[in-house]
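**Student:** Listed in order, the protein sequences are those of chains C and P. Just so we're aligned, residue 1 is where the first sequence starts under the working numbering, counting upward by one. Just so we're aligned, residue 1 is where the second sequence starts under the working numbering, counting upward by one.
It should be emphasised that the hints constitute simulated quantities derived from the structure, not laboratory data. Do not take every clue at face value.
Cβ pair distances, simulated, as ranges [unchecked claim]:
1) C:K106 / P:K72: 34 to 42 Å
2) C:V644 / P:L96: 15 to 23 Å
3) C:I626 / P:L96: 45 to 53 Å
4) C:S198 / P:T102: 48 to 56 Å
5) C:P265 / P:L41: 38 to 46 Å
6) P:L96 / C:I623: 28 to 36 Å
7) C:N620 / P:H47: 56 to 64 Å
8) P:S175 / C:H170: 21 to 29 Å
9) C:I132 / P:E46: 32 to 40 Å
10) C:S198 / P:P43: 53 to 61 Å
11) C:L33 / P:P43: 44 to 52 Å
12) C:I132 / P:K72: 51 to 59 Å
13) P:Q89 / C:V644: 22 to 30 Å
14) C:P265 / P:P43: 51 to 59 Å
If you're wondering where the values come from, they're calculated on a predicted model, not measured in any experiment. Built from N, CA and C at the ideal position, the CB exists for glycine as well.
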Amino acid sequence: MDMFFYSLAIQLAAVLAVILLRSNRIASAAVHLLLLIGLISGLVPTLSALIVADAPVQNFCICGIPNDLFRFDALGLYFLAIVQLVAIPTTIYSYSSLKHYMDKGKSVKQLLVVYPILLVATQLTVVSNHSILFLVCWELMSTTAYLGMVFEKEKRDVQTGSFYYLVMNHVVVFILYVFFFLLHRQANSWLFSDFHVSPDTGSLFILLYVLALVAFGMKAGFMPFHFWLPRAHPIAPTVFSSFLSGIIIKTGIYGLFRTFQFLNPTPEWLGWLVLTVSMISAIFGVWYALAQHDIKRLLAYHSVENIGIIGIGIGIGFIGSAYHSLPVQVLGFGGALLHTLNHAIFKSLLFIGSGVIYQNLGTRNIELMGGIARRGRFFAILFLVGSVAISGIPPLNGFISEFIIFNGFFTTARELKNYYPLLMLVSTVGLAFVGGLAVACFTKINSIMFLGDERKEIKHFHISVYDYLSLGIFAMLCAAIGFYPQPFVRVINDVLSRSFVPGNSSSALLSINWFYISLIFLAILAGFILIYIWKRRINKKYGRKISPAWGCGYERLNPRMQYTASSFADQLNVISRTVLGYHKRIKPPAEIFPAKNKFESHADDFVDSKIIMPWFKKINAFISRIELLNYSDIRYYVAFILIVISIYSLIGFLWI
Amino acid sequence: MQNVLSIIFCLSLFYLAVTSRVKAYVTVLQIQGAILTVLLLYPLIEHFSVPALILPATLFIVKVYLIPKYIKKILVDLDIKRIIEPTIQQFSFLLLIIFTMTVVFVATNILSKSTEIETIPFASGFSAVAVGMFVIIFRKKLIIHVAGFLVLENGIFLFGSTIASKLPMMIELGSLLDIFVVVFLMGIALNKISSTLSGFEATALRRLKD
Chain C
1 MDMFFYSLAI
11 QLAAVLAVIL
21 LRSNRIASAA
31 VHLLLLIGLI
41 SGLVPTLSAL
51 IVADAPVQNF
61 CICGIPNDLF
71 RFDALGLYFL
81 AIVQLVAIPT
91 TIYSYSSLKH
101 YMDKGKSVKQ
111 LLVVYPILLV
121 ATQLTVVSNH
131 SILFLVCWEL
141 MSTTAYLGMV
151 FEKEKRDVQT
161 GSFYYLVMNH
171 VVVFILYVFF
181 FLLHRQANSW
191 LFSDFHVSPD
201 TGSLFILLYV
211 LALVAFGMKA
221 GFMPFHFWLP
231 RAHPIAPTVF
241 SSFLSGIIIK
251 TGIYGLFRTF
261 QFLNPTPEWL
271 GWLVLTVSMI
281 SAIFGVWYAL
291 AQHDIKRLLA
301 YHSVENIGII
311 GIGIGIGFIG
321 SAYHSLPVQV
331 LGFGGALLHT
341 LNHAIFKSLL
351 FIGSGVIYQN
361 LGTRNIELMG
371 GIARRGRFFA
381 ILFLVGSVAI
391 SGIPPLNGFI
401 SEFIIFNGFF
411 TTARELKNYY
421 PLLMLVSTVG
431 LAFVGGLAVA
441 CFTKINSIMF
451 LGDERKEIKH
461 FHISVYDYLS
471 LGIFAMLCAA
481 IGFYPQPFVR
491 VINDVLSRSF
501 VPGNSSSALL
511 SINWFYISLI
521 FLAILAGFIL
531 IYIWKRRINK
541 KYGRKISPAW
551 GCGYERLNPR
561 MQYTASSFAD
571 QLNVISRTVL
581 GYHKRIKPPA
591 EIFPAKNKFE
601 SHADDFVDSK
611 IIMPWFKKIN
621 AFISRIELLN
631 YSDIRYYVAF
641 ILIVISIYSL
651 IGFLWI
Chain P
1 MQNVLSIIFC
11 LSLFYLAVTS
21 RVKAYVTVLQ
31 IQGAILTVLL
41 LYPLIEHFSV
51 PALILPATLF
61 IVKVYLIPKY
71 IKKILVDLDI
81 KRIIEPTIQQ
91 FSFLLLIIFT
101 MTVVFVATNI
111 LSKSTEIETI
121 PFASGFSAVA
131 VGMFVIIFRK
141 KLIIHVAGFL
151 VLENGIFLFG
161 STIASKLPMM
171 IELGSLLDIF
181 VVVFLMGIAL
191 NKISSTLSGF
201 EATALRRLKD
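Next comes chain C alone, as it looks inside the complex (with noise of 0.2 Å):
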């Protein structure tokens, strides 16, 4: 694995490039080139290691010399494989997003800066073996991500966005220190590898799940703790928002399986917590989605829900875990890590998708957009990928790990009896009510946005070969997991029976037919592609008509005459009225003649808006009561520090 540390160097070496190159340019190329070598150099032997399927566990060896630092087990091999994986098309599409700032005449000197040592930081978090280590590289990579969404600080919700993010980070920090500091006390160990504690400590072990639960929850944004998703994405740089939503929200699932590594196995009600909560990410996740006008803030309510959907695989898994079954437990836990790898791949199309939208309209805004079907054919075809993809629709990525997880909950139902048949159906029934308003939201923003007529015109579309090249490899790794999914599930039970689930000769994920599940899906691809030769035919024999819309009668139609987003999903937004917050501000015309009206709609977050915000800002009235810190003066603090540090010195004088 020393190759692994080789492409790690030369990834460093792109931010020396920065500082010994003077211009812009320059250095961006030199980044971005170094970056793409030391990223492919290192896929190579994370995937090499990950497909050998007997391979010894890994350690990190400084010349010759065992080092525990870092340890390549098959989960942190896995997740690593992601972050290269997905980290390579960013990189390409980051070169072509950097040069559009530099056009503008921006300096993006800390951008590029900041992107590799995320990068690196992310990928040693995933492989690191120590936990001080660990925890060092989990800040950096916080930290890294926060200095590149204040990229544009002059904005004010710049501001307020990477500050929720920021606090976020710190709460996450400090519950994962309290966290590792009980676990070193009951191992007597700093290493993962030593870490285990069993269900008999009692309350040390709920209490460490909690703490688990509620830090790398709050990374990955389950519901009551998704607060900072929506408002953290958007205002971050494209690169960055595309890489928060694949991937380091992603670092937060990695922790919730470490975290099953060293505790199981887990009572009963854990799985339930689990699957409740994630139930609810899932199902509210959507629904928010599909009331939001902001196209980033749209993908980010969807990470939401993807983490949701990889939280109920989790929550499987962690029941069959309770029941000692095997097969539940690989499809559930299965199906989450197979879905982490989609998200992270479709999510960063679709990001990439919007960042390009946003460069050449200038609007991230829905309901301004439309018409750009016309004006980038192939784009909008590859923007659709992802969105089938994320839907969970066949034939693409999506459909398979949905497919395990829901395969997980008729297992479950099958092997433990009791009342769970019952309570699987009503899970079934909610992920397949996710998966319909995920179709929902999707027909929307690809109807209104790629359809119809330009709302706001566009005055100059130009989507560059990188632009490209980096959706066309997430589209083709889309396709690929979707069309030919026996080597990703291959790999996938490798994974579970290296890390976790010991014995597991059944191997519940191979027994699917995964050969029929292939030959339907090119099927389905070949009926698509003569549906299409037929129309082409048809135009071709009776020629092709275009007429305008039909207006009722009325002449003078223009393109802000057409159906929008909001008028698309208010009737699923009506619903969920009460809980959505969903409200519509217009007033209805009286007269003949009407005068000049306004209509408004606007979606609270629920959570957000009665729970979150209430919370934080009695704590900050609280604080700002406390009149005695409120000095501005650099010296006071000073003094406040000596005082409590004489204070901590005499208690620690008296207690020895």
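Following the hints, put chain P in place on chain C, whose structure we already have.
**Tutor:** Coordinates of chain P only, in the frame set by chain C:
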């Protein structure tokens, strides 16, 4: 030898309290840096090894040469007044330091009976931390705050070197780099704010609050 040097270190702290010239602070910092270097070199007489020389050498370069030179450069460049502006009388400041030092020494002496620490260096280090903080609290000039911070760092260094000789060299080197960066940043900040805020006093920073 260690005790003698530590006491000289303590005496330099007293000098900080009574002097009213910025330059004297720089000289004291240089002296303290030299003392620390000698303290680190002293054990090498018995067990000499080349890698062990790295730390004292870096310490000497950073604390005795680079930082004082940089502070002097800032003094000249920004034309800062040479007189410090205390907020309390020199004499009461001296009394405060003597009082603190007494408490620290007595406490350390009691502590040394139950734990394994060397009384004089440990207490000197601890007093330096306290004095550094006092300097920041009772002086208005920003450049003196930097000096106070450096004294504090020296104190940490001193008792760090006494309580555990096991402390990894990397950490010490890291902390050295750390303080150098801090001083550097402070210099840049002072340079930047010199155009808008005059006097380089901490009280003026209050206006920066948003």
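**Student:** All the hints need checking, so say for each whether the structure fits it.
**Tutor:** Against the structure, the hints:
The hinted window of 34 to 42 Å between K106 of chain C and K72 of chain P holds, with their beta carbons roughly 38 Å apart. Our hint of 15 to 23 Å for V644 of chain C and L96 of chain P holds, since their Cβ atoms are close to 18 Å apart. I626 of chain C and L96 of chain P have their C-beta atoms about 27 Å apart, which leaves the hinted 45 to 53 Å range violated. Take S198 of chain C and T102 of chain P: their Cβ atoms lie about 54 Å apart, and the range 48 to 56 Å holds.
In this structure the supplied range 38 to 46 Å is violated for P265 of chain C paired with L41 of chain P, their Cβ-Cβ distance being about 58 Å. For L96 of chain P and I623 of chain C, the hinted distance range of 28 to 36 Å is satisfied, since their beta carbons lie about 31 Å from each other. Look at N620 of chain C against H47 of chain P: about 57 Å separates their beta carbons, and that is inside 56 to 64 Å. The given range of 21 to 29 Å is respected by S175 of chain P and H170 of chain C, whose C-beta atoms sit roughly 23 Å from each other.
Between I132 of chain C and E46 of chain P the Cβ separation comes to about 34 Å, which falls inside the hinted range of 32 to 40 Å. Taken as a hint, the range 53 to 61 Å is violated for the pair S198 of chain C and P43 of chain P, whose Cβ atoms sit roughly 47 Å apart. Checking the proposed 44 to 52 Å range against L33 of chain C and P43 of chain P shows it holds: the Cβ atoms sit about 49 Å from each other. At about 39 Å, the beta-carbon gap between I132 of chain C and K72 of chain P misses the expected band of 51 to 59 Å.
For Q89 of chain P paired with V644 of chain C, a C-beta distance near 26 Å keeps the hint of 22 to 30 Å intact. Look at P265 of chain C against P43 of chain P: about 53 Å separates their beta carbons, and that is inside 51 to 59 Å.
The structure fails hints 3, 5, 10, 12 (numbered hints given earlier, in ascending order).
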